[in-house]
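Participant: For the sequence shown, the working numbering begins at 2 and goes up steadily by one.
These aren't lab readings, by the way, just hints derived from the structure by calculation.
Across the chosen pairs, the derived CB separations fall in these ranges:
{"no.": "1", "residue 1": "K31", "residue 2": "V237", "range": "36 to 44 Å"}
{"no.": "2", "residue 1": "K64", "residue 2": "I185", "range": "21 to 29 Å"}
{"no.": "3", "residue 1": "E84", "residue 2": "E43", "range": "18 to 26 Å"}
{"no.": "4", "residue 1": "G233", "residue 2": "I28", "range": "51 to 59 Å"}
SDA-like mimics (lysine to any residue), calculated; alpha carbons at most 25 Å apart, straight line:
{"no.": "5", "residue 1": "K276", "residue 2": "Y120"}
{"no.": "6", "residue 1": "K265", "residue 2": "V250"}
{"no.": "7", "residue 1": "K205", "residue 2": "L105"}
{"no.": "8", "residue 1": "K58", "residue 2": "K162"}
{"no.": "9", "residue 1": "K162", "residue 2": "P32"}
{"no.": "10", "residue 1": "K31", "residue 2": "L78"}
{"no.": "11", "residue 1": "K61", "residue 2": "S74"}
By construction, the Cβ of each residue, glycine as well, lies at the ideal position given by its N, Cα and C atoms.
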Amino acid sequence: MKITITLLLVFTNLLSAQIKGVVKDSITGKPIPYANIWVENENIGTTCESNGEFEIKVTKDKKLIVSSIGYNSRKCLLNSNNEILLKQKLIELEKVTVFNYKNLETLKVGNSEFKRTTYLQGKYPQVLAKKFDYDSIYKRTPYIKEIEVFTQSEVKNATIKLRILLYDKITDLPIIDLVDEDIIVTVKKGRNKTIINVSKYKIKFPEAGIVIGLESMIIDTNKYNYSYKYNGIENVSIVYAPAIICNHVDLENSFISFNSNWFKNKPEYNLWEKKYVVVEPAINMTLTN
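Please work from the sequences and hints to get the whole structure.
Facilitator: What follows is the structure, encoded as structure tokens:
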């Protein structure tokens, strides 16, 4: 029996290996930083480093799903050079509107605040997001100036991606990114509120609604060991900073995404509050004219 188990473990390890690769632009050949890599049909994923390189443990017959903002997603195997090439998205602009900010008036939207609840980032990329509904009073201040996020980090200068997406009323989910590039945000160590100025993107609050998300980055500079006790036994897990501060709310107004799929956060029973609550990432925004 012991011999059989040993042979099985050796065979499994031969099939599954730590694969190294790099994601590049198909035209320029330049590395694409911080692309997301997923193993098809499995909850195994990672994030490319700033030089486009990645490592992932996967069996050789499994395909990888690769995505990056501004590029078409691709499902493939590594080529002979251990490269994955992505094509840039072709975006047709039907109409170009030129406008100038007055910046004479601002309006804060959202009532998120520091709470005890935090959401630790696991070993694969995921997005925590919050929906903001359109209101007619936003006509006076229709452009998004700043986004405010709340985090707790055990790592100095941890990084995270900010996602700004259009909400789709038919599917009741986010559908497309409104900014065609990665917005990388650096947060300080400890418990902090970070304000990101996004006015350069000239985003007008869509009447369908908007979704603001925070996407974890599974990179070495964010990695740390998290110690915790379970059933009196000390355990250590590898997690990635920063943790997202979350609020408990009644409305089902937030989402989570992993493996490029979006899901709506549903109420869960909270023993401390003795009621069903929805876990919502603490995010606010400021509008301007």
